[in-house]
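Throw the hints in and build the complete structure from the sequences for me.
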Amino acid sequence: MDEANEAITNLGGVTTESNKDNTTTTKQISSDDQKEKPLDKETLLLAGTLVLDAKGGRNLEYILREKYVRSYIWYNSFYLRWALYFCLAFNLSLALFEHPAVPGASIPYWGTMIMELVCLCYFTFRLSHAFYFQYTKVFFKDAKNICVLVMILLTILDMISYIIWSNVDTDVPPVRWSRPLRPLFIINFPDGKQIRRAFRNIRRTIPDIVNVLILFLSSVLLFGLFALKLFNKRGFKYPNGEPYFSNYFDSIWDLYVLVTTANNPDVMMPAYDESNWFALFFVIYLIICLYIFMSIVLATIYNNYKKNLKNEVKQAVFQKRKKLAKAFDLLKVKHNHQEFISYSRWTQLVTIILPGRSETHTDLLMKILDHDNTNVLSKKNFLNLADLLQVQLTEVKDRLTLLEKHFPSIYNHRISEYFKFFVRHRVFRYWFDLLIIVNAVFIAIDLDAADWFFLAMFTVEILSKLYVLGGKEFMSRFWNIFDVVIIGGAFVATIIEYLDFDNKESNIKDILLVLRVVRLVKLFGSIKRFKVVLQTLINIGPSFLTYGGVIFVFYYFFAIVGMEIFNGYITYYGYDSETPDTAFCGNVKLNNSIFYREHYCNNNFNDILKSMVWLGVQIIQTIQFLNSYLLIASGFVAVTSKVARLYFFVFHLSCVVIILNIFTAFILEAFILEYTLQTVPRLESVVESKIKELGLGIGMKTRKHAIQGPSGDEIILVEDEQTEDTDEVDNQQVETEDVDNEIDLSKEKGLKFHLKKHSRKKTEVLLQQMFQGELGDDDVDDVETYSKERKLTLEALT
Numbered sequence: 001m002d003e004a005n006e007a008i009t010n011l012g013g014v015t016t017e018s019n020k021d022n023t024t025t026t027k028q029i030s031s032d033d034q035k036e037k038p039l040d041k042e043t044l045l046l047a048g049t050l051v052l053d054a055k056g057g058r059n060l061e062y063i064l065r066e067k068y069v070r071s072y073i074w075y076n077s078f079y080l081r082w083a084l085y086f087c088l089a090f091n092l093s094l095a096l097f098e099h100p101a102v103p104g105a106s107i108p109y110w111g112t113m114i115m116e117l118v119c120l121c122y123f124t125f126r127l128s129h130a131f132y133f134q135y136t137k138v139f140f141k142d143a144k145n146i147c148v149l150v151m152i153l154l155t156i157l158d159m160i161s162y163i164i165w166s167n168v169d170t171d172v173p174p175v176r177w178s179r180p181l182r183p184l185f186i187i188n189f190p191d192g193k194q195i196r197r198a199f200r201n202i203r204r205t206i207p208d209i210v211n212v213l214i215l216f217l218s219s220v221l222l223f224g225l226f227a228l229k230l231f232n233k234r235g236f237k238y239p240n241g242e243p244y245f246s247n248y249f250d251s252i253w254d255l256y257v258l259v260t261t262a263n264n265p266d267v268m269m270p271a272y273d274e275s276n277w278f279a280l281f282f283v284i285y286l287i288i289c290l291y292i293f294m295s296i297v298l299a300t301i302y303n304n305y306k307k308n309l310k311n312e313v314k315q316a317v318f319q320k321r322k323k324l325a326k327a328f329d330l331l332k333v334k335h336n337h338q339e340f341i342s343y344s345r346w347t348q349l350v351t352i353i354l355p356g357r358s359e360t361h362t363d364l365l366m367k368i369l370d371h372d373n374t375n376v377l378s379k380k381n382f383l384n385l386a387d388l389l390q391v392q393l394t395e396v397k398d399r400l401t402l403l404e405k406h407f408p409s410i411y412n413h414r415i416s417e418y419f420k421f422f423v424r425h426r427v428f429r430y431w432f433d434l435l436i437i438v439n440a441v442f443i444a445i446d447l448d449a450a451d452w453f454f455l456a457m458f459t460v461e462i463l464s465k466l467y468v469l470g471g472k473e474f475m476s477r478f479w480n481i482f483d484v485v486i487i488g489g490a491f492v493a494t495i496i497e498y499l500d501f502d503n504k505e506s507n508i509k510d511i512l513l514v515l516r517v518v519r520l521v522k523l524f525g526s527i528k529r530f531k532v533v534l535q536t537l538i539n540i541g542p543s544f545l546t547y548g549g550v551i552f553v554f555y556y557f558f559a560i561v562g563m564e565i566f567n568g569y570i571t572y573y574g575y576d577s578e579t580p581d582t583a584f585c586g587n588v589k590l591n592n593s594i595f596y597r598e599h600y601c602n603n604n605f606n607d608i609l610k611s612m613v614w615l616g617v618q619i620i621q622t623i624q625f626l627n628s629y630l631l632i633a634s635g636f637v638a639v640t641s642k643v644a645r646l647y648f649f650v651f652h653l654s655c656v657v658i659i660l661n662i663f664t665a666f667i668l669e670a671f672i673l674e675y676t677l678q679t680v681p682r683l684e685s686v687v688e689s690k691i692k693e694l695g696l697g698i699g700m701k702t703r704k705h706a707i708q709g710p711s712g713d714e715i716i717l718v719e720d721e722q723t724e725d726t727d728e729v730d731n732q733q734v735e736t737e738d739v740d741n742e743i744d745l746s747k748e749k750g751l752k753f754h755l756k757k758h759s760r761k762k763t764e765v766l767l768q769q770m771f772q773g774e775l776g777d778d779d780v781d782d783v784e785t786y787s788k789e790r791k792l793t794l795e796a797l798t
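Just so we're aligned, residue 1 is where the sequence shown starts under the UniProt record's numbering, counting upward by one.
In case anyone wonders, no lab produced these hints; they're calculated from the structure.
Hints may contain errors.
As the list claims (entries may be wrong) - Straight-line C-alpha distance at most 25 Å; calculated DSS-like pairs for lysine-lysine:
no., residue 1, residue 2
1, K55, K310
2, K589, K237
3, K193, K310
4, K67, K37
5, K193, K41
6, K55, K472
7, K37, K380
8, K41, K322
9, K589, K642
10, K314, K326
11, K144, K314
12, K193, K322
13, K193, K306
14, K380, K55
What the hints assert, rightly or not - Distance windows between CB atoms, simulated:
no., residue 1, residue 2, range
15, G356, K405, 18 to 28 Å
16, M294, L534, 57 to 67 Å
17, S161, T582, 32 to 42 Å
Glycine included, C-beta positions come from ideal geometry on N, C-alpha and C.
In structure tokens:
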């Protein structure tokens, strides 16, 4: 017998005289609803805002009164947030136009200052807006607000000093010393929470690795002293004639660079040529400073990253539950010492958080949350609301393709149904995968005659999928977008090549077609051995952007500082110039230098783009143990002084030793976690299990019995729908499948939830589900006073 048609368990509705008979009817709950006091607009607005905060992970505190709540809602509006993103990006891009500007893009300093002032005005508005809806004490207690305010004031002071400096006759060129601080705006505005979280992780990790770094640097200093005493008086010289370990600072520098292996084995060879025993010194040094200390640094960073990640997850879970608990307290109804949210108040809440939804939509959402089938929401059930709102729920009209809406007779014709079945079948995919392999072979043997055939076939594939899936569903899949870009670009390149009157061959089309072969990587996703690796890369993709933003902040800072220090010292004029002003990269000090002989003149700091490229190349070459890091740095040391080494040392220590090791730790933890989750029982939230129980997910068949809504009426998902008998195994199979099946959305009737497959969930979402599973009922009822120092049992997994 259907559970929804049975008597339901009492939860704050009506308490019967008999303890055995603890059920109530829908009519009794409805009569209780009639006695409720109506919610005022302010309470309803505040509750809805708290729920949306929990859904979006917003943690900004604000005054709980209507005018301040409305101001907070406006603060989080789409247009104001994207205006902030635009101003942040535009403010950073000003370095392209400021001195030293990218060639051809120079703007007078007063022009860039006006544009920067516009950005600062918006930053000030944004800061003042937050000050308006927050308590003064809370606003100034937040270090991020103080940081933004100080940066605005420092930037204005820098502008004033630069204008005065520029109009005073002096031999020293003016400097915009506030420019390296610009990336800090990204970190300190509330909208940059992901990058700020990564920086918070870095800040918490650094104190724990300081001890290791001190020991490492002490070892370098000690070995530098040994090298000085061991080699200084022996008269050794490098092949270019420079003295070998002539002073203590050169010894330290050469040995530190040896840790990067950039001068290995060059730094050893003069001593090794004299005696083979001298090699023992360098071997011992590399074992201790490179293999032991660098490994300890990585291990320390990884251990702290792992700990901080779980603390972040714990904090995110409790912040979400805290806001939902506040919303529950605003909406709850008390009856016989029980607290719950009634159906009438639930419908009022939905009008705030999901405006424009139908009554069926509203009833179904409450039915999913009502895990106890009581037709009211307890606090425990209500705390799952944020998870439910993350699941997409669509109606039939939302899943109709454009052709089905306007030409249903054609799209749903029998011939069209056969065609759609064929396109969704795996044979269709296998056929085009085979064509991709054949196309790659044709490109490899440089056989261009079949290019039009392959382009035509791949275009047919794209158009067929577009017809079957519709534009929205088609563009929601990465590989479809990849195909459109690659094949579209190849098609345009082929036309341009065909119309080229000079008959010059272009390899752009071949490159684009070869890139399409990358799509075969998708086939490895069906092989269990490769699936963990590929799925890990997909899951950590968004986090790649976060840590990419972190690296960009450091790059921007060092690029601006490098421009101010080294701008104009080295310029690329070609290597055949004989005029004194352009010879030797425009600096005679580079005459006979390795920097000039190796043609590194284009690696300079003359504008922001060249600076970013230079720093990026050094990071990559340091990771790959290539030997140009020391050579390029030596050029800037030659045209300035040995003090310039300090810049390259700080850059390497911060960006390579710390930041990239943290990034490596993130990759390690993500892979280990993903691999571990493949071996533990399937994790799913209470919301997901309820959706699957009712068979309301995409690809599932709705249960045979009718679904009774919280209002007491049957929830009619589809008009005049005849439900089918469905075995429990069918939906269970859908739940456990983790492969890419083409589900025919046009066959899905009524309201359906789009559940993400286990392997497609973000790592943080999985961690939150794991941690929420550890919380008991006591944790639900005592959210406010729950100890933040509680030890996570997630250690058992990772």
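Structure-based check of each hint:
A threshold of 25 Å between alpha carbons decides the hint, and for K55 with K310 the separation of about 20 Å falls inside it, so the pair holds. Pair hint K589 plus K237 holds up; C-alpha atoms about 20 Å apart against a cutoff of 25 Å. Simply put, K193 and K310 have alpha-carbon atoms about 17 Å apart, close enough for the 25 Å limit, and the pair holds. For the given pair, K67 sits about 23 Å from K37 by alpha-carbon distance, which is consistent with the 25 Å threshold.
As the CA atoms of K193 and K41 are separated by approximately 30 Å, the hinted pair breaks the 25 Å bound. Our distance criterion of 25 Å between C-alpha atoms is met by K55 and K472, whose separation comes to about 24 Å. Only pairs whose Cα atoms come within 25 Å are accepted, and K37 paired with K380 is accepted, the gap being roughly 23 Å. Between the alpha carbons of K41 and K322 the distance comes to roughly 22 Å, so the proposed pair stays at or under 25 Å and holds.
Restraint check: the Cα-Cα separation between K589 and K642 comes to about 14 Å, which is no more than 25 Å; the hinted pair holds. Under the criterion of a C-alpha separation no larger than 25 Å, the hint pairing K314 with K326 is consistent with the structure, at around 18 Å. Distance restraint check for K144 and K314: the Cα-Cα separation of roughly 22 Å lies within the 25 Å cut-off, and the hinted pair is therefore satisfied. Using a Cα cut-off of 25 Å, the hinted pair K193 and K322 holds, with the two alpha carbons roughly 18 Å apart.
A threshold of 25 Å between alpha carbons decides the hint, and for K193 with K306 the separation of about 19 Å falls inside it, so the pair holds. Using a Cα cut-off of 25 Å, the hinted pair K380 and K55 holds, with the two alpha carbons roughly 16 Å apart. At roughly 19 Å, the beta-carbon separation of G356 and K405 lies within the given 18 to 28 Å, and the hint holds. For M294 paired with L534, a C-beta distance near 29 Å fails the hint of 57 to 67 Å.
Taken as a hint, the range 32 to 42 Å holds for the pair S161 and T582, whose Cβ atoms sit roughly 34 Å apart.
Violated hints for the displayed structure, listed by number in ascending order: 5 and 16.
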